[in-house]
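Novice: In the order they appear, the protein sequences are chains S and R. So for the first sequence, full-length UniProt numbering puts the first residue at 1; every next one is plus one. So for the second sequence, full-length UniProt numbering puts the first residue at 1; every next one is plus one.
In case anyone wonders, no lab produced these hints; they're calculated from the structure. Be aware that one or more of the hints could be misleading.
Here are a few chain S residues that sit away from chain R, every Cβ distance over 12 Å (derived from the structure) [as the list claims (entries may be wrong)]:
no., residue
1, Lys178
2, His180
3, Glu310
4, Met458
5, Ile512
6, Glu585
7, Lys596
Derived EDC-like pairs: lysine to aspartate or glutamate, alpha-carbon spacing no greater than 20 Å straight-line [unchecked claim]:
no., chain 1, residue 1, chain 2, residue 2
8, R, Lys633, S, Asp371
9, R, Lys53, R, Asp597
10, R, Lys259, S, Asp371
Partial list, derived from the structure: chain S residues whose beta carbon lies under 8 Å from chain R [stated by the list, open to error]:
no., residue
11, Glu231
12, Gly287
13, Lys289
14, Ala365
15, Thr369
16, Asp371
17, Pro373
18, Leu376
19, Ser382
20, Leu502
21, Asn506
Just so it is clear, CB atoms sit at the ideal spot from N, CA and C, and this is done for glycine as well.
Number of protein chains: 2
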Amino acid sequence: MASRSRPPADPASRRASAIARHLRPRPTPTPLPWSPLEPLPCLQYSPPESSAKAAAFDVAEMRRLMDGHDVEARDWAYGVIAESPLFWSPTRGPGGRPFLVPDYNQSMEQQREMILRRIVYLVGRGVFNGWLTGVGKEAEMRRFALLESIGLFDHSINVKIGVHFFLWGLSIRFLGTKRHHEKWLKDSEDYLVKGCFAMTELGHGSNVRGIETVATYDSTTGEFIINTPCESAQKYWIGGAAKHAMHTVIFAQLYMEGKNQGVHAFVAQIRNTDGNVCANIRIADCGHKIGLNGVDNGRIWFDNLRVPRENLLNSVSDVLLDGRYRFAAFLAPLTIGRVNILTNAVYTSKVALAIAIRYSLTRRAFSITNDGPEVLLLDYPSHQRRLLPLVAKTCAMSFAANHMKRMYVQRTPELNKAIHVYSSAFKATFTWHNMRTLQECREACGGQGIKTENRVGMQGDYDVQSTFEGDNHVLMQQVSKSLLAEYIAALKRNKPLRAFGLEHMNNPCPSIPDNLSSSAVRGSQFQMDVFYLRERDLLSRLAKEVSKYQGRGESKEYAAILSYQVAEELGKAFAERVTLQTILEAEMTALDGQLKDILGLLRCMYALISIEEDSSFLRYGYLSPSNAATVRKEVENLLSELRPQALAIVDSFGIPPAFLSPLAFDWIATNSWSSVQQ
Amino acid sequence: MASRSRPPADPASRRASAIARHLRPRPTPTPLPWSPLEPLPCLQYSPPESSAKAAAFDVAEMRRLMDGHDVEARDWAYGVIAESPLFWSPTRGPGGRPFLVPDYNQSMEQQREMILRRIVYLVGRGVFNGWLTGVGKEAEMRRFALLESIGLFDHSINVKIGVHFFLWGLSIRFLGTKRHHEKWLKDSEDYLVKGCFAMTELGHGSNVRGIETVATYDSTTGEFIINTPCESAQKYWIGGAAKHAMHTVIFAQLYMEGKNQGVHAFVAQIRNTDGNVCANIRIADCGHKIGLNGVDNGRIWFDNLRVPRENLLNSVSDVLLDGRYRFAAFLAPLTIGRVNILTNAVYTSKVALAIAIRYSLTRRAFSITNDGPEVLLLDYPSHQRRLLPLVAKTCAMSFAANHMKRMYVQRTPELNKAIHVYSSAFKATFTWHNMRTLQECREACGGQGIKTENRVGMQGDYDVQSTFEGDNHVLMQQVSKSLLAEYIAALKRNKPLRAFGLEHMNNPCPSIPDNLSSSAVRGSQFQMDVFYLRERDLLSRLAKEVSKYQGRGESKEYAAILSYQVAEELGKAFAERVTLQTILEAEMTALDGQLKDILGLLRCMYALISIEEDSSFLRYGYLSPSNAATVRKEVENLLSELRPQALAIVDSFGIPPAFLSPLAFDWIATNSWSSVQQ
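Construct all of the structure, not just a fragment, from the sequences and the given hints.
Specialist: Listed below in structure tokens is the structure:
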């Protein structure tokens with residue numbers, strides 16, 4: 001390997017020599033011919049810290065910025081989990097402490113029982129105090145933080161808690177009124193009442209308005225009679241229904257005097273206190289899944305089930321007598337489900353990346369000189385290219401997720417639309433990012449990524465994220481429709497745009513010079529400009545395409561369906577523009593110069609890798625081929641600049657060691673005969 | 001919805017009206033207000049066949065073309081599996097016949113025992129007759145066909161069979177000599193001897209030359225003494241080792257008189273006939289995995305294990321005394337592992353696509369007119385865009401896989417290099433395609449894709465494909481290195497290129513006009529030209545970049561490492577060019593005009609979607625933005641042209657109904673209370 005005295009001038013060589021520094025052989029003995037007398041020198045484990053540069057920034061402060069709120073509450077929750085053997089893995093980690101990971105070799109039935117016992121333990125520790133009865137923004141932010149922390153253990157416990165407290169509990173709170181609150185809220189918070197949420201049916205998922213379950217009002221007895229008129233109307237995927245839930249919210253088409261009043265929500269008991277299914281109800285298991293088997297998803301049939309009239313969740317039922325928009329308002333409080341999913345996706349990516357980066361700093365493969373030492377995985381530019389951009393994206397998404405949570409807790413009726421649009425865009429892009437990150441980390445860890453105890457190959461558990469609470473593609477279409485509506489309304493009013501951060505379109509269109517310098521493409525000015533340019537151009541393209549089809553006599557809905565491709569590109573452009581804004585804001589407001597620097601590097605990588613990966617920049621000419629080449633070169637430079645700080649950055653994710661896995665520490669020791677003999 | 005009398009002229013409207021025809025409301029009763037007296041009309045299942053156009057081609061003949069060989073043997077194998085309850089799922093399908101899918105809710109231990117019983121049954125049925133003792137190309141092609149068919153059941157049985165017959169059995173056959181054949185070949189074919197293949201170690205996977213297990217020759221006793229000198233040298237991921245294997249091939253560094261003779265292969269018994277582990281051997285389980293839990297992966301430690309000198313697999317050991325190239329030759333016969341993986345990836349994609357397409361022709365969501373009927377999923381252009389390009393790619397890869405198999409069975413020492421390059425390129429691209437296809441099909445089936453019995457969300461079982469038998473990224477780098485070596489050699493010799501199909505580079509560089517017509521981009525001339533252009537340009541870019549780094553004093557190896565990105569783009573360009581050639585050849589040689597037409601549509605979609613998805617066409621200017629826009633428009637036109645034939649195409653995959661899943665048939669009936677009550 002060549003080495004140099006002075007750092008060379010041009011970026012490529014700068015990068016080359018930067019890598020060369022990492023590749024330079026460390027003092028390891030060269031192999032001797034083996035004989036029984038002198039044992040062959042073997043692979044030794046040296047921790048990532050041993051070879052890593054010192055952090056160039058305050059790791060604890062960086063964590064506070066990315067966690068954004070309630071850091072102490074998070075650490076408390078981590079401690080509560082670590083204290084209970086219910087969460088312990090047989091494998092021991094640093095300090096002899098057990099790793100915290102479920103046994104995925106258990107059957108679906110066993111996993112469900114374990115999850116229940118874990119939740120009951122958390123209830124006993126007061127983790128959920130105030131989750132349903134608490135008031136105020138701080139209480140809601142703290143609840144987010146606690147759920148995010150518990151979710152690090154596994155996705156089943158996150159979903160099982162989410163179904164009970166948010167889908168059931170918050171339906172009672174937001175859709176119900178005083179009489180419902182008095183009856184169920186506190187008992188639900190204490191997990192004495194276990195609830196579920198019967199909206200989805202076999203025949204209808206995303207299209208809630210099409211559900212077939214019916215409720216008719218019997219004025220003689222003052223009861224609603226709920227029926228499953230056909231097999232496609234069976235409630236499906238109802239989390240908690242298969243085993244543990246005692247109560248449910250039922251969504252049904254309400255008919256009064258034969259007239260359809262639209263979808264309403266009713267409360268019904270489905271199991272007696274002895275756990276047996278109530279009369280006039282049939283329940284069956286949804287069966288084994290590719291992941292998330294700790295959640296007992298079930299189906300429910302109703303046979304002339306009579307519920308008293310006061311069980312109608314009536315807080316908004318008066319606004320339900322017409323119209324799609326009001327239906328959205330009806331469901332607005334439940335967007336918290338999407339907010340939970342998108343924040344959980346960010347933390348899951350952090351776990352996988354922390355493990356994969358640490359492993360890549362301890363695992364060597366191939367030598368580039370004959371009989372030279374093998375090279376650390378993360379010293380391969382190709383390995384850096386696989387992992388470091390995902391690290392930067394995950395950091396950027398942390399800030400976007402915090403932005404989303406603050407927006408949610410400050411919700412007002414006026415904000416509902418924006419909350420729906422932002423949460424839809426983030427839910428889709430962050431869960432896709434999470435699945436890609438898990439996959440990349442799995443492959444980057446080689447065969448070790450296949451072992452469930454190593455926790456990088458968790459795709460099966462998270463796969464559902466991309467279709468539940470709304471199919472990601474459907475959500476992206478809805479995002480673009482909302483942007484388009486705002487755009488058209490502004491044109492019609494001949495007023496400036498004033499929603500969804502589209503105000504930038506009121507300014508003159510940014511123009512990007514054809515031959516930008518390396519330093520120019522690293523500037524936030526260029527990066528924001530080109531993201532603005534992409535978004536405004538795609539929005540006007542969408543408007544043109546839709547009106548073209550309408551001009552041919554197609555309905556507005558069908559014209560939108562035909563324009564799906566631009567719509568999806570626009571949804572992505574919107575999500576990435578907002579995400580870039582949030583990390584840029586964090587960079588600008590950072591008080592500490594070193595934090596500014598690392599945030600600047602990460603912001604830069606986020607912006608440039610997003611450009612590199614989205615062909616629309618070249619397809620629609622937002623960038624010249626020459627600029628695209630400069631962007632690629634800068635991505636490579638950023639890789640070698642981030643490489644020395646990779647360990648510090650994943651440390652700043654703040655994931656406790658026990659929530660990582662053997663692969664993140666001395667994997668030779670945990671695989672040694674003494675550790676694994678049976 | 002608008003409808004038209006005459007088909008409009010321009011492609012976009014042609015497409016719109018084509019879709020309109022599908023979207024036109026079918027005679028379904030409009031919803032009536034529900035009352036106890038008159039039940040609400042419910043979702044009815046109507047089979048895909050009921051709405052599909054008649055096949056525009058001979059489906060059986062199309063299947064013969066894609067299966068390529070031994071269709072009768074495949075059908076026989078399907079029948080053998082269907083006859084045994086060992087393979088039956090509790091769920092019943094068409095004609096009341098059970099589906100053939102394993103119970104994924106079983107523990108790792110249970111799944112392993114079931115797989116063993118299934119293999120023993122297949123042995124009894126004579127499925128493996130001649131697999132190790134048979135000779136001739138026909139025998140080898142038939143063996144491919146049978147393994148592909150058995151592999152449809154699940155990936156564990158495919159891998160478990162592959163490890164025993166190919167890794168163990170063919171090592172005995174190809175690396176061993178007469179004495180080894182006489183001792184083990186027939187008994188292995190009859191599964192009386194169960195073998196495994198101890199090459200990979202905890203510390204070394206892809207880099208086999210770095211393994212640490214040592215063998216020393218004891219001339220006094222004429223034995224080799226095999227040792228695991230350290231924990232990183234433990235044999236790892238050894239399929240069959242944890243439970244069932246009795247014998248193994250051990251790869252170790254051979255030392256004679258203290259001098260390292262390189263990696264050699266030895267045979268040793270690891271379990272006695274009573275199933276207990278032999279002396280001087282320790283075995284432990286690799287544990288639970290994210291998939292493939294039917295395979296009992298284990299680790300092995302050797303403690304002064306003595307094996308008789310005749311257990312050295314010596315057929316090629318004389319060529320092992322030096323050099324990387326000879327080491328490749330040593331392992332060449334084992335490339336069959338990669339060939340099996342890539343063909344299996346194609347058939348797995350076929351299963352998932354057949355299920356997802358059939359479901360999308362029976363599942364409706366949302367209506368585009370108020371109170372109009374809901375729309376079939378596959379009538380959404382966005383849904384077509386998700387699935388139909390994957391269908392076309394899978395068809396193209398079928399022909400490439402057949403090409404690969406024929407190449408393998410005609411292997412000669414001269415062909416070894418080409419077989420390595422083609423099998424590496426196809427293994428990487430086809431397994432990536434398979435994972436993407438499984439993921440897309442899972443999401444396209446919504447929540448139903450999450451149920452293991454539905455068989456579309458099988459990513460966990462196949463994930464390992466992208467890293468075993470060589471990490472896909474490493475393989476792509478090797479492909480590009482070989483292309484580069486041929487390129488440089490030709491330049492040096494000042495002779496034309498003559499390997500890997502690079503002969504096209506001896507012709508003048510194709511030039512692509514800036515404003516191609518729709519019909520031009522659909523032509524095979526343009527498609528081959530632009531694929532050739534991409535490959536030759538990327539190859540010369542790689543050469544330039546490598547020599548640039550070498551010019552700066554970097555070693556050849558390190559220069560290649562720095563050029564990873566172009567190298568990966570080139571590997572992909574190579575794989576796609578060869579794949580396009582194989583389906584184009586099938587199209588040209590098809591005797592039947594209708595087959596020519598459908599193959600032409602699929603070839604066209606394969607070529608144009610590959611262009612659409614690879615930004616290098618725009619990045620490096622192989623296509624003008626205007627041509628790129630034309631390509632995108634033609635992709636959309638091809639979607640609406642393929643849509644009416646989608647069912648016929650997946651029928652031509654030749655997957656028996658029992659190997660599909662409930663989702664592919666009457667999923668309302670299989671989910672009805674009478675079917676699922678517990």
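Novice: Evaluate each hint against the coordinates.
Specialist: Checked hints:
{"no.": "1", "hint": "Lys178", "in the structure": "holds, 31 Å"}
{"no.": "2", "hint": "His180", "in the structure": "holds, 26 Å"}
{"no.": "3", "hint": "Glu310", "in the structure": "holds, 23 Å"}
{"no.": "4", "hint": "Met458", "in the structure": "violated, 8 Å"}
{"no.": "5", "hint": "Ile512", "in the structure": "holds, 15 Å"}
{"no.": "6", "hint": "Glu585", "in the structure": "holds, 30 Å"}
{"no.": "7", "hint": "Lys596", "in the structure": "holds, 30 Å"}
{"no.": "8", "hint": "Lys633(R) x Asp371(S)", "in the structure": "violated, 54 Å"}
{"no.": "9", "hint": "Lys53(R) x Asp597(R)", "in the structure": "holds, 16 Å"}
{"no.": "10", "hint": "Lys259(R) x Asp371(S)", "in the structure": "holds, 15 Å"}
{"no.": "11", "hint": "Glu231", "in the structure": "holds, 4 Å"}
{"no.": "12", "hint": "Gly287", "in the structure": "holds, 6 Å"}
{"no.": "13", "hint": "Lys289", "in the structure": "holds, 5 Å"}
{"no.": "14", "hint": "Ala365", "in the structure": "holds, 5 Å"}
{"no.": "15", "hint": "Thr369", "in the structure": "holds, 7 Å"}
{"no.": "16", "hint": "Asp371", "in the structure": "violated, 11 Å"}
{"no.": "17", "hint": "Pro373", "in the structure": "violated, 11 Å"}
{"no.": "18", "hint": "Leu376", "in the structure": "violated, 13 Å"}
{"no.": "19", "hint": "Ser382", "in the structure": "holds, 4 Å"}
{"no.": "20", "hint": "Leu502", "in the structure": "violated, 24 Å"}
{"no.": "21", "hint": "Asn506", "in the structure": "violated, 28 Å"}
Of the numbered hints given earlier, the model fails hints 4, 8, 16, 17, 18, 20, 21; all others are met.
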